[in-house]
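Q: Residue numbers (numbering that gives the first Met the number 0), protein chains in the order written: chain A, 0 to 662; chain B, 0 to 203; chain C, 0 to 292.
For the record, the hints were derived by calculation from the structure and aren't laboratory data. Treat each hint with caution, since some may be false.
Label pairs and their computed distance ranges (CB to CB) [to be verified]:
# : chain 1 : residue 1 : chain 2 : residue 2 : range
1 : A       : Ala600    : C       : Met0      : 41 to 49 Å
2 : A       : Glu108    : B       : Arg22     : 36 to 44 Å
3 : B       : Leu197    : A       : Glu484    : 53 to 61 Å
4 : A       : Glu484    : B       : Pro167    : 38 to 46 Å
5 : A       : Glu484    : B       : Ala160    : 44 to 52 Å
6 : A       : Glu484    : C       : Pro142    : 33 to 41 Å
DSS-like cross-link-like pairs, simulated, lysine-lysine; straight-line CA separation at most 25 Å [stated by the list, open to error]:
#  : chain 1 : residue 1 : chain 2 : residue 2
7  : B       : Lys153    : A       : Lys333
8  : B       : Lys98     : C       : Lys93
9  : B       : Lys98     : A       : Lys336
10 : C       : Lys250    : A       : Lys396
11 : A       : Lys396    : B       : Lys199
12 : A       : Lys598    : A       : Lys218
13 : B       : Lys153    : C       : Lys208
14 : B       : Lys172    : C       : Lys93
15 : B       : Lys98     : A       : Lys515
16 : B       : Lys98     : A       : Lys403
17 : A       : Lys256    : A       : Lys240
18 : A       : Lys378    : A       : Lys419
19 : B       : Lys199    : C       : Lys99
20 : B       : Lys189    : C       : Lys99
21 : A       : Lys378    : A       : Lys256
From the three backbone atoms N, C-alpha and C, an ideal C-beta is built for every residue, glycine too.
Below are the chains, spelled out letter by letter.
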Amino acid sequence: MSRIGVFVCHCGENIGGTVDCAKVAQAAGQLRGVVHSVDYKYMCSDPGQSILKDAIREKKLDGVVVAACSPRMHEPTFRRAAEEAGLNAFQCEMANVREHCSWVHEKGEATTAKAIDLVRIQVEKVKRDAPLHPIKVPISKTALVLGGGIAGIQAALDIANTGHEVILVEKAPSIGGHMSQLSETFPTLDCSQCILTPRMVEVARHPKITLYTYSELEKLDGFIGNFKATIRRKARKIDEKACNGCGVCTQKCPQKKIPDEFNEGLSMRRAIYVPFPQAVPNKPVIDTANCTYFKTGKCKACEKLCANGAIRFDQEDELIVREVGAVVVATGYKTMKVDRFPEYGYGQYPDVIDGMKFERLASASGPTAGAIQRPSDGKAPQTVVFIACAGSRDEQKHVAYCSKICCMYTAKHAMLYKHKVHGGKAYVFYMDVRAAGKSYDEFVRRAVEDDGVKYVRGRVSRVYQDGGQLVVKGVDTLLGGEPLEIRADLVVLATAVQAQEGSEELAQKLHVSYDKYRFFAEAHPKLRPVETNTAGIFLAGACQAPRDIPESVAQASGAAVKVAALFSQPELTREPIVAVVDRQPPPVFSNCVGCLLCKSACPYQAIDQETIKARNGDPIKTVARVNPGLCQGCGTCVATCRTKAIDLQGFSNEQIFAEVMAI
Amino acid sequence: MLRAENSEDTPTSTEPHSSTSDRTLSGRLENAAGVHSADCYQCGKCTAGCPLAAEMDHAPSQLLRMLQTDLPQHEERALRSRAIWMCVGCQTCVSRCPKQVDLPRAMDFLRQESLARGLVNRDASEIVAFHRAFLDSIERHGRVYELGLVAGYKLRTGHLAQDTTLAPAMVLKGKLGLLPHAGNRAAVAKIFARARALQKGSGQ
Amino acid sequence: MKIGYYPGCSLLGSSRDFGESVVAVARALEVELVDVPDWNCCGASSAHAMDHLLSVALPASVLASAARAGLTEVVAPCASCFNRLASARHAIQKDPALRKQVEQVLDVPAGSLATLAEKVRILNVIDLLQRCSDRIAAKVTQPFARAVACYYGCLLVRPGEVVGADRVEDPVSMDVLVEKAGGKPVAWSFKTECCGAALSIPNTPLVGKLGARIVEDAAARQAEAIVVACPMCHSNLDMRRGAIDDARGKKSGLPVLFITQVVGLALGLPPSELGLERHFVPVNLSRPAAPVA
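The task is simple: from the sequences and hints, build the whole structure.
A: Structure follows, in structure tokens:
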């Protein structure tokens, strides 16, 4: 005969204000099998938990129902309390009379009756609970960081410095991300590469970091602590060990007219190239789509010139498999292209550029050695118009959000322009100036007050070409909506920050949620910003939302500590809510007939098969087998099984049926 | 208009918010025309692209601002403006508006309100006279009788000498018929009458 | 090919040249134009400026007449008529309350306009010519080898969701037709800038000011003509050339042709059949074409 205890929580007024808790406790006390039934103000508090523990010990309870909030809130709390009192944690259940009852109904008899029903259901379940024991699973204490921009670099270094192995995978031939393309950074006007490259070198040299550049994640299997990552190392066509980075091949390649992606098309590169001088690793890569040899079978100049014989035309992509315990996603962002703006020329005007292109113009190591020049004729522009909010906060362009960084980098661009072109005129057309970070507002005021940048509040309706100049049709809303037309030599659009190319595919590979803009979804917008809803996968940087460098670095460190916390445990404890294939006495041995429908139904590839053998080793029958380390307890196999041979521990068919019949 | 596959459907503009009152001009605008003036965040892009903004007494974005405040003095300023009559409905504003506020529809509404309340700007009398003469011509003939239209306009405005040199040239070029073309005359007259009756009945 | 035809008031009067060229070109391309029976004025801008219900009811009456005559497609060469017919069709489809009112005003059975949008589609003159573009290319005998600025105006391209235009800021549909007729469309910046529309009579100087910018840019790009597809645009750039010259402080002889006139000339039709003698700015094509850059 069961000895069940029921504890009805008031949760202050949250439950007590709508449900008659005393009545619920009283009604529960009448149920068969219940030997103890009380109500209390706050069950989750210390005194509340003491009440629970004392009752378990004194009344020798073999099952407990706490009628309170959602198990997502306090199931761990009460299960721990039950364990401390000597009762198996999985013989403690919760009836959700808050989220499922008091919070969604008005005060009244019917509401209280429903609460009583909910308690009765859980009592029937608990009667059939068996003691269960957590499953211990080993943890692979290696982290996988996807993305080698500043966020990925920071996360990799932080995790590596806690003593754990890190694999850093970067799609491009070099790490560095967008930060390596920037000229100076706000609010300090530090040279971006000067502060970034030491970190890049540190990553390359760190004994605990394995760097795979020009590589992508092919597949991720497994679960927290036990992921299996398949990484595709794309063929550079270079033997990295043999190559000494002398660069002769990159100077002699005859294919010279390929628009350089790093310089945003402002200069050309060769078919064999190193993306930028400070690249890590400083090894070239062959762009096979544009290489003469790969297109026609001729040339091979690089191979002839290489003193170390490092060119490998026949090199293939390599797939490697690594076991990792956690993944940090730091894949960054892209910016909207200028051809998305019909009113600013559909990208046809060479002197209408985006912010990233301006960065390359302003950068001392860029194609113009830092001189601001018009892409059309190379002359220094005497009047520059900067258009903020280009594509952001714009439902017509399907980007309703603010891209956060543009107000700051536009002020920076305007200042850099004024410093470099003395006597030049700079206009910024803005809607609001968002400069909320530390020293940010003072930075923008410098642009206005010290450098004489003219800020005009109003959006630009149209930009068109007239002769060699661009006509900018804007408006000054602070002057009552007075139209303002400016003839500019260069127009810089601060285009919207968007999710990185391929984000959707990556999210689906990782089984991570994303929003309608394809930014990855955090587990909780306020309290869990670096975790995802997929256990073991964390977020860092702009892949989650538009963000600047200080925040990306902070978030990366935050993600790193979550990984470190995970790795600090000796092993991972998993809930034993897993499926089990039954065993019966001979001659049945198991109700499973080996049809393996459950195997194809399982979304987690947790089911395979095994052979039941006689004592002498003779095979008797083949049945399904659940891997408790992979099983997530979803119950799909239980629903699929024709013979009801497979059941879910903690949520058995018998329990669920009893719950339904108790309503 | 390009739409990304992932864009959420926006509610149709003809569905008003549930508690929109007719006491304010912005409320009436929403109920009659489905335009939600609070959507406008005053970026001014409409004004910047309007071909007639330089001629207006109030910029298009300013007119919306006057409705946003729900203050009677601003509402009156909007209805009395010359700007609403300068607008020719070229649709440039709404084609670029980042919030997709249907400003041309709002302008139509403001014009009709202005007429109904007798607040038409004096400087707009020629434009109103033209529109009235145009509609008169349709009501009478079912189609526009251009000579009649011009005559009606001149009588209403007193600009008797306007375009007198143009008329003979037009006649000689065969582009100004001396007699009206008629089309669906009787039915059109009834359409006008019923539209008038329907709107009087609903107090519009 | 047979298609419904809605000339609208201006094609019978002040834009008779446009009407003549449409009819002549349709004949040459073997397109049979079937008049919408007993059509009335669409209301143009004056109706929607003054009375919303009327501005939908008048075009709806035309659509209903077309539907009754079994015309599934109607071409309205006047851009304003095209826009009003398309807008009314769109409004009736999207707004059931408005549709009910229009049914009352037209005195038709309740619910009878519910399927109107599916029964009748509206085309503009460029849509029609695009359909025949292969035929045009095949029948060109005198290529219109001139540099021209294609001027689209407002109502052919906006609002995008009603008229179905893409590339609203830099349309190319007319440019492509000009090329098919042997011409060279220039790249210029005033393709869709408003000409002043219905302000032609009430505020002629303003129309001159707006037209001046258009003519200025076309001339600066060495265009030998401006090509239009709208009677209002034509009138404001041609008939009102005096006001434009006043605004610019100098005279311009840049002729304004309808796209149907350009196509007609390329097909070898005589200028008189295309109404070219009715223009205010003379269309002098006797001299040889200027070398095209």
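Q: Of the hints given before, which are not true for this structure?
A: Hints 1, 3, 5, 7, 10, 11, 14, 17 not satisfied by this model.
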